[in-house]
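Here the protein sequences line up with chains A and V, keeping their order.
Per the working numbering, residue 1 is the first one in the first sequence, and the count goes up by one each step.
Per the working numbering, residue 1 is the first one in the second sequence, and the count goes up by one each step.
Among the hints, erroneous ones may be present.
Keeping only pairs whose Cα atoms sit at most 30 Å apart, straight-line, the calculated DSS-like set for lysine-lysine is [claimed, not checked]:
| # | chain 1 | residue 1 | chain 2 | residue 2 |
| --- | --- | --- | --- | --- |
| 1 | A | Lys237 | V | Lys294 |
| 2 | A | Lys245 | V | Lys539 |
| 3 | A | Lys237 | V | Lys297 |
| 4 | V | Lys57 | A | Lys20 |
| 5 | V | Lys687 | A | Lys239 |
| 6 | A | Lys239 | V | Lys790 |
| 7 | A | Lys245 | V | Lys294 |
| 8 | V | Lys790 | V | Lys294 |
| 9 | V | Lys687 | V | Lys8 |
| 10 | A | Lys245 | V | Lys57 |
| 11 | A | Lys239 | V | Lys57 |
| 12 | A | Lys134 | V | Lys739 |
| 13 | V | Lys663 | A | Lys245 |
| 14 | V | Lys294 | A | Lys134 |
| 15 | A | Lys237 | V | Lys663 |
| 16 | V | Lys56 | V | Lys297 |
| 17 | A | Lys239 | V | Lys739 |
| 18 | V | Lys56 | V | Lys396 |
| 19 | A | Lys239 | V | Lys56 |
| 20 | A | Lys239 | V | Lys50 |
Here are some of the chain V residues that sit facing chain A, going by a computed Cβ distance under 8 Å [stated by the list, open to error]:
| # | residue |
| --- | --- |
| 21 | Gly443 |
| 22 | Arg444 |
| 23 | Leu447 |
| 24 | Gly712 |
| 25 | Thr716 |
| 26 | Glu718 |
| 27 | Met719 |
| 28 | Glu726 |
| 29 | His733 |
Everything labelled a hint here was simulated from the structure, so no lab data went into it.
We put the beta carbon where it would ideally sit given N, CA and C, even for glycine.
Each chain, letter by letter, is given below.
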Amino acid sequence: MNKQIQDAYIVAVARTPVAKRRGAFRNVRPDDMLAHVLRSVVEKAPGLALNEIGDVIVGCAMPEAEQGMNVARIGLLLAGFPDTIPGITINRFCSSGVNAVADAARRIQLGEADVMIGAGTESMSAMPQMMGNKVAMNPAFFERRENIAIAYGMGLTAEKVAQQYGISREEQDALAMRSHQKACAAIAAGRFRGEISPYLVREHVPDFGSSAVRVVERLVESDEGPRPDSSPEGLAKLKPIFSVKGSVTAGNSSQMSDGAAAVLLMSESALKRYNLTPVARYCGFEVAGVPPEVMGIGPIAAIPKVLKSVGISQEALDWIELNEAFAAQALAVMKTLDLDPDKVNPLGGAIALGHPLGATGAIRVATLASAMQHDPKLRYGLITMCIGTGMGAAGLFERV
Amino acid sequence: MSNFIVRKVAVLGAGVMGAQIAAHCANAEVPVLLFDLSTKDGDPSGIARKAIDSLKKIEPSPIATADRVNHIEAANYDQHLDKLAECDLIIEAIAEKMEWKLDLYRKVAPCLRSDAIFATNTSGLSINKLAEGCPASLRPRFCGVHFFNPPRYMSLVELIPCHGTDATLLDHLESFLTSTLGKSVIRALDTPNFVANRVGVFSMLAVMHHTHQFKLGFDEVDALTGPIIGRPKSATYRTADVVGLDTLVHVIQTMADNLADDPWAHYYASPGWLTALIGQGALGQKTKGGIYRKEGKQIKVLDLSTQAYRDSNAEVADEVAALLKHKSAAERFALLRANQHPHAQFLWAVFRDVFHYVAVHLAHIAHNARDIDLAMRWGFGWNDGPFETWQAAGWKEIADAIHEDIRAGRAMSSAPLPPWVFEVSGVHGAHASFDAATGTLKGRSTLPVYQRQLFPERVAGEQENPGRTLWENDEVRMWTLDDDDGRHVPVLSFKSKMCAVGPVVLDGIIEAVHRAEREHAGLVIWQPTTPFCVGANLKQIRPLLEAGDFVGLEGIVAKFQLMSQTLKYAQVPVVAAVNGLALGGGCEIVMHATRAVCALESYIGLVEVGVGLIPAGGGCKEFAIRSAEMAARTATNDPMNWLQGIFQTIAMGSVSKSARNAKELGLLREQDIVIHNPKELLHVARKTALSLAASGYRPRLPPAGVPVAGRGGIATLEMMLVNMREGGMISAHDYLVSKSVATALCGGNVESGTLVNEKWLLDVERSLFVDLLHTAETKARLIHMLEVGKPLRN
Numbered sequence: 001m002n003k004q005i006q007d008a009y010i011v012a013v014a015r016t017p018v019a020k021r022r023g024a025f026r027n028v029r030p031d032d033m034l035a036h037v038l039r040s041v042v043e044k045a046p047g048l049a050l051n052e053i054g055d056v057i058v059g060c061a062m063p064e065a066e067q068g069m070n071v072a073r074i075g076l077l078l079a080g081f082p083d084t085i086p087g088i089t090i091n092r093f094c095s096s097g098v099n100a101v102a103d104a105a106r107r108i109q110l111g112e113a114d115v116m117i118g119a120g121t122e123s124m125s126a127m128p129q130m131m132g133n134k135v136a137m138n139p140a141f142f143e144r145r146e147n148i149a150i151a152y153g154m155g156l157t158a159e160k161v162a163q164q165y166g167i168s169r170e171e172q173d174a175l176a177m178r179s180h181q182k183a184c185a186a187i188a189a190g191r192f193r194g195e196i197s198p199y200l201v202r203e204h205v206p207d208f209g210s211s212a213v214r215v216v217e218r219l220v221e222s223d224e225g226p227r228p229d230s231s232p233e234g235l236a237k238l239k240p241i242f243s244v245k246g247s248v249t250a251g252n253s254s255q256m257s258d259g260a261a262a263v264l265l266m267s268e269s270a271l272k273r274y275n276l277t278p279v280a281r282y283c284g285f286e287v288a289g290v291p292p293e294v295m296g297i298g299p300i301a302a303i304p305k306v307l308k309s310v311g312i313s314q315e316a317l318d319w320i321e322l323n324e325a326f327a328a329q330a331l332a333v334m335k336t337l338d339l340d341p342d343k344v345n346p347l348g349g350a351i352a353l354g355h356p357l358g359a360t361g362a363i364r365v366a367t368l369a370s371a372m373q374h375d376p377k378l379r380y381g382l383i384t385m386c387i388g389t390g391m392g393a394a395g396l397f398e399r400v
Numbered sequence: 001m002s003n004f005i006v007r008k009v010a011v012l013g014a015g016v017m018g019a020q021i022a023a024h025c026a027n028a029e030v031p032v033l034l035f036d037l038s039t040k041d042g043d044p045s046g047i048a049r050k051a052i053d054s055l056k057k058i059e060p061s062p063i064a065t066a067d068r069v070n071h072i073e074a075a076n077y078d079q080h081l082d083k084l085a086e087c088d089l090i091i092e093a094i095a096e097k098m099e100w101k102l103d104l105y106r107k108v109a110p111c112l113r114s115d116a117i118f119a120t121n122t123s124g125l126s127i128n129k130l131a132e133g134c135p136a137s138l139r140p141r142f143c144g145v146h147f148f149n150p151p152r153y154m155s156l157v158e159l160i161p162c163h164g165t166d167a168t169l170l171d172h173l174e175s176f177l178t179s180t181l182g183k184s185v186i187r188a189l190d191t192p193n194f195v196a197n198r199v200g201v202f203s204m205l206a207v208m209h210h211t212h213q214f215k216l217g218f219d220e221v222d223a224l225t226g227p228i229i230g231r232p233k234s235a236t237y238r239t240a241d242v243v244g245l246d247t248l249v250h251v252i253q254t255m256a257d258n259l260a261d262d263p264w265a266h267y268y269a270s271p272g273w274l275t276a277l278i279g280q281g282a283l284g285q286k287t288k289g290g291i292y293r294k295e296g297k298q299i300k301v302l303d304l305s306t307q308a309y310r311d312s313n314a315e316v317a318d319e320v321a322a323l324l325k326h327k328s329a330a331e332r333f334a335l336l337r338a339n340q341h342p343h344a345q346f347l348w349a350v351f352r353d354v355f356h357y358v359a360v361h362l363a364h365i366a367h368n369a370r371d372i373d374l375a376m377r378w379g380f381g382w383n384d385g386p387f388e389t390w391q392a393a394g395w396k397e398i399a400d401a402i403h404e405d406i407r408a409g410r411a412m413s414s415a416p417l418p419p420w421v422f423e424v425s426g427v428h429g430a431h432a433s434f435d436a437a438t439g440t441l442k443g444r445s446t447l448p449v450y451q452r453q454l455f456p457e458r459v460a461g462e463q464e465n466p467g468r469t470l471w472e473n474d475e476v477r478m479w480t481l482d483d484d485d486g487r488h489v490p491v492l493s494f495k496s497k498m499c500a501v502g503p504v505v506l507d508g509i510i511e512a513v514h515r516a517e518r519e520h521a522g523l524v525i526w527q528p529t530t531p532f533c534v535g536a537n538l539k540q541i542r543p544l545l546e547a548g549d550f551v552g553l554e555g556i557v558a559k560f561q562l563m564s565q566t567l568k569y570a571q572v573p574v575v576a577a578v579n580g581l582a583l584g585g586g587c588e589i590v591m592h593a594t595r596a597v598c599a600l601e602s603y604i605g606l607v608e609v610g611v612g613l614i615p616a617g618g619g620c621k622e623f624a625i626r627s628a629e630m631a632a633r634t635a636t637n638d639p640m641n642w643l644q645g646i647f648q649t650i651a652m653g654s655v656s657k658s659a660r661n662a663k664e665l666g667l668l669r670e671q672d673i674v675i676h677n678p679k680e681l682l683h684v685a686r687k688t689a690l691s692l693a694a695s696g697y698r699p700r701l702p703p704a705g706v707p708v709a710g711r712g713g714i715a716t717l718e719m720m721l722v723n724m725r726e727g728g729m730i731s732a733h734d735y736l737v738s739k740s741v742a743t744a745l746c747g748g749n750v751e752s753g754t755l756v757n758e759k760w761l762l763d764v765e766r767s768l769f770v771d772l773l774h775t776a777e778t779k780a781r782l783i784h785m786l787e788v789g790k791p792l793r794n
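One chain only, chain A, in its complex shape:
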């Protein structure tokens, strides 16, 4: 990045716990989750003058209805930020969250701002269907054979990846099992405590006895997805959902979830001004396209691209957050690029931790940042994922 005029640094991260779809956050709105993480992340930078925030960039994969109307602006207003601060919602499906962090960093690099927030929020509970409130396909998808894969469900594309890359059901289930084990161990060891900002859910429920509305409060402190009782036998019993003779099951696919995260970034001059210690430096972010019918292999194209643009080798990577959209595609990526399994998702992946689409990227940046705070030996960390309709994204950060 020789054209940049300054570096961008991650100063603080905050995320909600990730809840299962229609789980702990079934009555929590995505704009409220966003407001919560925005407030939490700025609290971690004492003395920050909020009106210095250049922009709040928020990733969201289904920016409509409860998370529509430019949820970024609504979230920051709900957070009590000054109304002088702008906000923008961006969408690149599953990479939206990390994309928002990268976009925020680039604004600093270009010298347009000294303080930025990149964030993500997604409530899959709020969406009645996987494709949002209204599924509306273009007839052109079906009129030309080459466009047909735009209509493929994500699970079907995972089946295609499993087939093309020879990923067996057993391997997929084994990855799923490991994901749960690692995530459960991480929770038990308190590894997510630093990044999670517990969320107080307030629900208005009818008290049928007194005919009054009661407000019930619940503090959600931990990710809801990981299952300590997950077993190879249980996983093996599940039936494939997307293909009669397939291998992709509910057990070896990512979970549908709700969650939000925010990342506070600053330039070096701002760090000095506020006397803050950064966690990591933003190194680069790349996106690449792949055929839509095997969208899961996106990281195979994106990872080398970002390594090249940053100018480091794959071996230099110490920590890889590879979004487990499906075990099939995660394995295809790991095998093809020969990623070191010990470095991939050390605290579990989306099969256990959940995947709130547009929020996931920002959430995993938070996880990477707290891992870097936890372990001084880490240097380079990568956030990568596949993207529906055939893309891969990869963002690179360096511990400072």
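Based on the hints, put chain V in the right spot on chain A.
Same frame as chain A, but now just chain V:
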């Protein structure tokens, strides 16, 4: 009779029967409390709640729609007895232990309202003995009410008074069971196993006895005692497996314990092999093994000679099968008796001993012969009861033959036939049946609820009013009962096999509507037996298909559409009265009738995709219109909200699991009426037509402009098909057929929101239908259905 309204029912005991009786109350819109013992740990009503949850998994389903379980409230005896005061009817269905039952009665008696009915669903215990143990205040309100398993589907309920039961209360209960729950009630006497099980279990014992005598295999006997003699497919031994061998032994034991003086008493014992099976834990279906066992896909049967399971594949001997095909019962029985084949001799022996048994016992186990015959039809699924079979076969000839066999020591018992047998020429007269206790003929119940049954089930020998034909062609008959309602509202019935619809039926419907418009207040389409209609008559279109006469085929489709539109725009109300299957074109008749009145057990669906076609008798058109109307009432005005569900229903050829389920699927309209007793169908349908006529009925104006989902809608539905095809769930032809369904539902390949009219929608579905007829795969599906009777997946 004053009104008797059941606002709430309580069922005590959440076992298999209790939970399913509760479910059936919920099916009938009667809220119900289901009680069982409380549990110490966790949810105190856990036992009842678990039973309610498990209703969702039982097949055939005890619940008419999935939401029914929400109307059954779990309760326990420790916390909720005060809730019994809300109930008008309490049905006790706990284990068959006299002491347990009496304990419970003492416990609940103080909590019951003074006007509540308290009934026990026992199959074996004496109602009077139970009544004696009841607190005195409860006795006038106590009786037995014996449901058969599974209670939703088995029609019979035996109603057994105790000595002190209040007569009005019994009438009330009988009316509730009949009209609200849709059951067929027999008033039984308090004799062991009452009527149906007394005769039915003896019949099983007789079959077991003769199986041994004639050295036949269990599968051989099931082939002989199944559909070939008008009994259920599960015949004898498979039925035993389904019922549970332990249950069967229990019922036999009840007979042994209570009928020591019976001439057949020494047969009231379980054979050694049966007790041995139970000893091994092989209790039948519930333990996945009994007399039969499924090994992989092969059904195996226990062979007593080797004490091992072998393939089950026995068939009835050709000569015996042939003689059983004779139309005349007299001839059948004469041939059966004369034939020396063990199969024939076995069958005669079983019939003889059952005839003998019911003749000897009629006087003290039933009020008349009709009750025994109907009990066997409703409780055991026999097409004909023993007395009517005997009478049809020639009363005197059979009586003499039995007498002869008794004398010769061939019958199971030497008890003589009672003298009345030789004094009468039959037991069923035109309007009454023989009561052996009084030696008189007894007519049918005069309870007002039976006025609602214009065509009660008749036993052979009883007279039926066939009505007066007003007009008919080869395949339909328009007729009237000539009573008050009938003069205004005639009936149209189909004469075709399975009430299938071909050109002659179509002409007949159109003509009948025109006649009704000219001369009557309305019209009811009703069939005397199930099904309502299985759809298009494929046999009649086969010649056109094979000749490649697509113009002729399109003409038939056009006539189908004309029929539907004639129904829809009839100037007098046309009510479809549905019971059983209403498939394809039959469903389209239902959809276009002014109103449908459906028995709960109506299985409705647009199943055309099974033969590679789409609904084109107005079915797709109607859903395009309805979805636009539904959408107009919403903020987003998006017809896809409704079309997606309907598309799946049609594309998968789904058939409703009940009339209420048909409403959920959108195949019935909200205003269509669901009733529980199919015998009341014609009555309710005529009254509905009259009521519509009285309200100044006019058909709705044709829609002036229907906004359709169009190209965008088709694409959205096609997305599902792409994924199913790629996932190997559907074939290429399934894809094509389903896309045709999508196109017809979305009003053709036009822009979304385009305003079209009814004719356009009919033209779209008709032309897609004809296009599909041109494909080899659809042709193959049609031929396969005609020849094999099952859908072909290609």
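Hint check results:
Of the pairs offered as hints, the one joining Lys237(A) and Lys294(V) holds, with about 23 Å between alpha carbons and a cut-off of 30 Å not exceeded. Annotation: proposed proximity of Lys245(A) to Lys539(V) is violated, straight-line Cα distance about 37 Å (limit 30 Å). Between the alpha carbons of Lys237(A) and Lys297(V) the distance comes to roughly 21 Å, so the proposed pair stays at or under 30 Å and holds. Between Lys57(V) and Lys20(A), the direct Cα distance comes to roughly 26 Å. Compliance with the 30 Å bound is thereby established for this hinted pair.
Distance hint between Lys687(V) and Lys239(A) is unfulfilled; the C-alpha atoms sit about 51 Å from each other, more than 30 Å. Between Lys239(A) and Lys790(V), the direct Cα distance comes to roughly 27 Å. Compliance with the 30 Å bound is thereby established for this hinted pair. About 26 Å separates the Cα atoms of Lys245(A) and Lys294(V), which keeps this hinted pair within 30 Å; it holds. In summary, the hint linking Lys790(V) to Lys294(V) is supported, as the alpha carbons are separated by about 24 Å, within the 30 Å threshold.
In summary, the hint linking Lys687(V) to Lys8(V) is supported, as the alpha carbons are separated by about 27 Å, within the 30 Å threshold. With a CA separation close to 26 Å, the supplied pair Lys245(A) and Lys57(V) stays within the 30 Å bound. A hinted pair counts as satisfied when its Cα atoms are at most 30 Å apart, and Lys239(A) with Lys57(V) qualifies at roughly 19 Å. The hinted pair formed by Lys134(A) and Lys739(V) meets the criterion: a straight-line CA distance of about 20 Å does not exceed 30 Å.
A threshold of 30 Å between alpha carbons decides the hint, and for Lys663(V) with Lys245(A) the separation of about 34 Å lies outside it, so the pair is violated. A distance of roughly 47 Å separates the Cα atoms of Lys294(V) and Lys134(A); the hinted pair therefore is violated under the 30 Å criterion. Proximity of Lys237(A) to Lys663(V) is assessed by CA-CA distance (about 35 Å); at most 30 Å being required, the pair is judged violated. Note on Lys56(V) and Lys297(V): the hinted pairing holds, with a Cα-Cα distance of about 26 Å set against a maximum of 30 Å.
The straight-line distance between the Cα atoms of Lys239(A) and Lys739(V) is roughly 27 Å, inside the 30 Å bound, and the hint therefore holds. Of the supplied pair hints, the one linking Lys56(V) and Lys396(V) is violated, its CA atoms being roughly 51 Å apart against a limit of 30 Å. About 21 Å separates the Cα atoms of Lys239(A) and Lys56(V), which keeps this hinted pair within 30 Å; it holds. At roughly 26 Å between alpha-carbon atoms, Lys239(A) and Lys50(V) fall within 30 Å of each other, so this suggested pair holds.
Restraint check, Gly443(V) versus chain A: the minimum CB separation of about 53 Å is more than 8 Å; hint violated. Because the closest C-beta pair between Arg444(V) and chain A is about 49 Å apart, greater than 8 Å, the hint is violated. The beta carbon of Leu447(V) comes no nearer than 41 Å to any beta carbon in chain A, farther than 8 Å, and the hint placing it at the interface is violated. Given hint, Gly712(V) at the interface with chain A, holds; its Cβ is 6 Å from that chain's nearest Cβ, closer than 8 Å.
For Thr716(V), the suggested interface contact is upheld, since its CB lies about 5 Å from the closest CB of chain A, less than 8 Å. Among the interface hints, the one on Glu718(V) holds; its C-beta lies about 5 Å from the nearest C-beta in chain A, closer than the 8 Å criterion. Below 8 Å, beta-carbon pairs count as interface contacts, and Met719(V) has one with chain A at about 4 Å; its hint therefore holds. With a cut of 8 Å, the hint placing Glu726(V) at the interface with chain A holds, because the nearest CB-to-CB distance is about 5 Å.
For His733(V), the shortest C-beta to C-beta distance to chain A is roughly 16 Å, which exceeds 8 Å, and the interface hint is violated.
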